[in-house]
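Undergrad: The primary structure of each chain is shown beneath.
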Amino acid sequence: MEYELENSIIDKMQPEFPEAAFTIKKARRVEVKMSSDKLYNFAVRMQKKWNFLHLSAISCVDWLQDNEFELIYHFWNYDEKVLVMAKIRIPREEESHFETISNLWQPAKFFERDIHEMFGVYFDGSEDMERFILTEWHGPPPMRKDFITREYALNFFHYREYDPEWLKDMTAAGEANE
Amino acid sequence: MEEKLTQRSVWEKISNKLSKRSLWMLHYCTGCGAIELPPTMTARFDMERFGISPMVTPRQADILLITGYLSVKTLKRVVLTYEQMQAPKYVVGFGSCTINGGMYWNSYSTMKCLDQYLPVETYIAGCMPRPEAIIASFNDLIAKIDRGEANSWKDYYKNYDFYKANQDRTFEGPIETYNDIKADAAMFNIK
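Which chain is which? The protein sequence lines are A and B, in order. So in our numbering, spot 145 of the first sequence is number 145, and the numbers just go up one at a time. So in our numbering, spot 34 of the second sequence is number 34, and the numbers just go up one at a time.
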């Protein structure tokens with residue numbers, strides 16, 4: 001039978017989370033979409049019951065049209081070698097809030113701090129939400145879709161004028177092509 | 001006043017003659033251009049033919065080589081490093097990133113023109129420059145020192161307000177450096 005291992009994992013999890021939507025993306029990659037209030041319970045069971053000891057990453061996607069952030073938790077099982085991606089959606093606000101899972105996995109602190117400064121999602125209950133990589137940054141969270149990098153850079157930084165004679169023909173030819 | 005600045009005393013001439021063949025280079029390797037430095041330093045291109053040798057601390061270094069892009073975060077460290085160096089000191093901008101942003105021209109976190117924040121002695125164009133170009137620019141620098149024209153470090157003391165304003169604007173507030181630039185300027189008699 002195809003995807004025997006993946007199906008056995010889903011069969012274990014589905015009864016406890018009947019509303020969650022499980023999909024097998026490919027071999028050893030299982031995706032699960034659930035509502036955001038179920039995520040913490042799911043993470044507890046992943047670690048304590050189903051032996052997914054490793055939190056590989058937490059990633060964030062900005063869905064500007066839906067006005068939502070998508071948080072993706074990547075759990076890895078060392079014994080069965082399966083990755084489970086738990087996807088949840090939270091409302092997109094000036095500073096969105098979500099609960100931390102750093103009491104379950106210590107490394108989650110780093111991922112959450114990173115998401116906080118890149119997307120502006122605050123994780124309630126985390127010990128440390130200080131700046132992580134962009135310590136000298138004062139603008140809006142730069143990974144949000146409505147932050148336009150080029151516009152910001154052109155306004156903020158000084159650029160050198162460079163308009164030599166030999167380049168003018170080439171520039172004109174390029175503009176004519178467009 | 002202008003004439004006085006360009007005229008060199010005999011002692012300065014001797015000092016330039018001697019220092020041009022004994023330059024210690026501090027390389028600030030955050031960008032990808034650092035990969036061109038090992039062949040420049042070692043047997044193939046052998047930078048030490050010209051008396052240039054790598055140095056590990058800013059206080060003993062003469063050249064600050066900025067290899068590639070600087071983010072806002074690393075620029076702060078570069079400013080601190082630069083101010084710790086003993087005069088005379090020469091900043092060499094390496095690669096297109098230091099000249100006008102290079103391939104990171106529309107990035108929100110990398111600096112575009114290095115000479116807005118530090119006085120740059122020479123630039124090496126290219127993405128990235130070959131060891132031959134690095135050696136050529138060091139030869140230019142040596143010739144400049146010999147002629148007594150490598151005075152960009154004095155520019156930092158003269159136009160400190162300009163550089164400081166640009167730095168503060170980038171970091172959104174003054175940064176704490178360990179050097180009193182105004183007192184140093186008085187010591188060097190630079191107004």
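Calculated from the structure, these hints are not laboratory results. Beta carbons: idealized from backbone N, C-alpha and C, even for Gly. Warning: the hint list may mix true and false statements.
[Said to hold, decoys possible] In silico DMTMM-like pairs for lysine to aspartate or glutamate, Cα to Cα no more than 20 angstroms straight-line:
{"#": "1", "chain 1": "B", "residue 1": "164", "chain 2": "B", "residue 2": "149"}
{"#": "2", "chain 1": "B", "residue 1": "164", "chain 2": "A", "residue 2": "136"}
{"#": "3", "chain 1": "B", "residue 1": "73", "chain 2": "A", "residue 2": "114"}
[Said to hold, decoys possible] Some but not every residue of chain A turned toward chain B, in silico, with C-beta under 8 angstroms:
{"#": "4", "residue": "63"}
{"#": "5", "residue": "67"}
{"#": "6", "residue": "68"}
{"#": "7", "residue": "131"}
{"#": "8", "residue": "132"}
{"#": "9", "residue": "134"}
{"#": "10", "residue": "135"}
{"#": "11", "residue": "142"}
{"#": "12", "residue": "149"}
{"#": "13", "residue": "153"}
{"#": "14", "residue": "158"}
{"#": "15", "residue": "160"}
{"#": "16", "residue": "162"}
{"#": "17", "residue": "166"}
[What the hints assert, rightly or not] Short derived list, chain A residues pointing at chain B, Cβ under 10 angstroms:
{"#": "18", "residue": "3"}
{"#": "19", "residue": "22"}
{"#": "20", "residue": "27"}
{"#": "21", "residue": "29"}
{"#": "22", "residue": "31"}
{"#": "23", "residue": "34"}
{"#": "24", "residue": "105"}
{"#": "25", "residue": "122"}
{"#": "26", "residue": "129"}
{"#": "27", "residue": "137"}
{"#": "28", "residue": "138"}
{"#": "29", "residue": "151"}
{"#": "30", "residue": "152"}
Undergrad: Does each hint fit the structure? Answer for all of them.
TA: Quick rundown of the hints versus the structure:
A distance of roughly 24 angstroms separates the Cα atoms of residue 164 of chain B and residue 149 of chain B; the hinted pair therefore is violated under the 20 angstroms criterion. Restraint check for residue 164 of chain B and residue 136 of chain A: satisfied, since their Cα atoms lie roughly 16 angstroms apart, inside the 20 angstroms limit. Among the hinted pairs, residue 73 of chain B with residue 114 of chain A is consistent with the structure: their alpha-carbon atoms are about 16 angstroms apart, no more than 20 angstroms. For residue 63 of chain A, the shortest C-beta to C-beta distance to chain B is roughly 21 angstroms, which exceeds 8 angstroms, and the interface hint is violated.
With a least beta-carbon distance of about 23 angstroms to chain B, the hint placing residue 67 of chain A at the interface is violated under the 8 angstroms criterion. About 24 angstroms separates the beta-carbon of residue 68 of chain A from the nearest beta-carbon of chain B, more than 8 angstroms, and the hint is not met. At about 10 angstroms, the closest approach between the beta carbon of residue 131 of chain A and any beta carbon in chain B exceeds 8 angstroms, and the interface hint on this residue is violated. Annotation: interface hint on residue 132 of chain A violated; nearest CB of chain B at approximately 11 angstroms, more than 8 angstroms.
Against a cut-off of 8 angstroms between C-beta atoms, the interface hint on residue 134 of chain A holds, since the closest Cβ of chain B lies about 7 angstroms away. A distance limit of 8 angstroms between C-beta atoms decides the matter here; for residue 135 of chain A the minimum to chain B is near 6 angstroms, and the interface restraint holds. Taking 8 angstroms as the C-beta cut-off, the interface hint given for residue 142 of chain A holds, the closest approach to chain B being about 5 angstroms. Because the closest C-beta pair between residue 149 of chain A and chain B is about 5 angstroms apart, less than 8 angstroms, the hint holds.
Contact between residue 153 of chain A and chain B, as hinted, is supported at the beta carbon level, the nearest pair being about 5 angstroms apart and thus within 8 angstroms. Taking 8 angstroms as the C-beta contact cut-off toward chain B, the hint placing residue 158 of chain A at the interface holds, the least distance being around 5 angstroms. Contact between residue 160 of chain A and chain B, as hinted, is supported at the beta carbon level, the nearest pair being about 5 angstroms apart and thus within 8 angstroms. For the restraint placing residue 162 of chain A at the interface with chain B, the shortest Cβ-Cβ distance is roughly 7 angstroms, inside the 8 angstroms limit, so the hint holds.
Interface hint at residue 166 of chain A: violated, since its Cβ lies 15 angstroms from the closest Cβ of chain B, which is beyond the 8 angstroms cut-off. Proximity of residue 3 of chain A to chain B is violated relative to the hint, the smallest CB-CB distance being about 42 angstroms (cut-off 10 angstroms). The closest approach between the C-beta of residue 22 of chain A and any C-beta of chain B is roughly 38 angstroms, which is over the 10 angstroms cut-off, so the hint fails. Interface restraint check for residue 27 of chain A: the shortest CB-CB distance to chain B comes to about 36 angstroms, outside 10 angstroms, so the restraint is violated.
Because the smallest distance between the Cβ of residue 29 of chain A and any Cβ of chain B comes to about 32 angstroms, over 10 angstroms, the interface hint for this residue is violated. Taking 10 angstroms as the C-beta contact cut-off toward chain B, the hint placing residue 31 of chain A at the interface is violated, the least distance being around 32 angstroms. For residue 34 of chain A, the shortest C-beta to C-beta distance to chain B is roughly 34 angstroms, which exceeds 10 angstroms, and the interface hint is violated. For the restraint placing residue 105 of chain A at the interface with chain B, the shortest Cβ-Cβ distance is roughly 27 angstroms, beyond the 10 angstroms limit, so the hint is violated.
Taking 10 angstroms as the C-beta cut-off, the interface hint given for residue 122 of chain A is violated, the closest approach to chain B being about 21 angstroms. Hint status for residue 129 of chain A relative to chain B: violated, with the closest Cβ pair at about 19 angstroms, above 10 angstroms. With a cut of 10 angstroms, the hint placing residue 137 of chain A at the interface with chain B holds, because the nearest CB-to-CB distance is about 7 angstroms. Interface hint status for residue 138 of chain A: upheld, as the beta-carbon distance to the closest one in chain B is roughly 5 angstroms, under 10 angstroms.
Among the interface hints, the one on residue 151 of chain A holds; its C-beta lies about 9 angstroms from the nearest C-beta in chain B, closer than the 10 angstroms criterion. Proximity of residue 152 of chain A to chain B holds as hinted, the smallest CB-CB distance being about 5 angstroms (cut-off 10 angstroms).
Figure legend: structure checked against the earlier numbered hints; hints not met, in rising order: 1, 4, 5, 6, 7, 8, 17, 18, 19, 20, 21, 22, 23, 24, 25 and 26.
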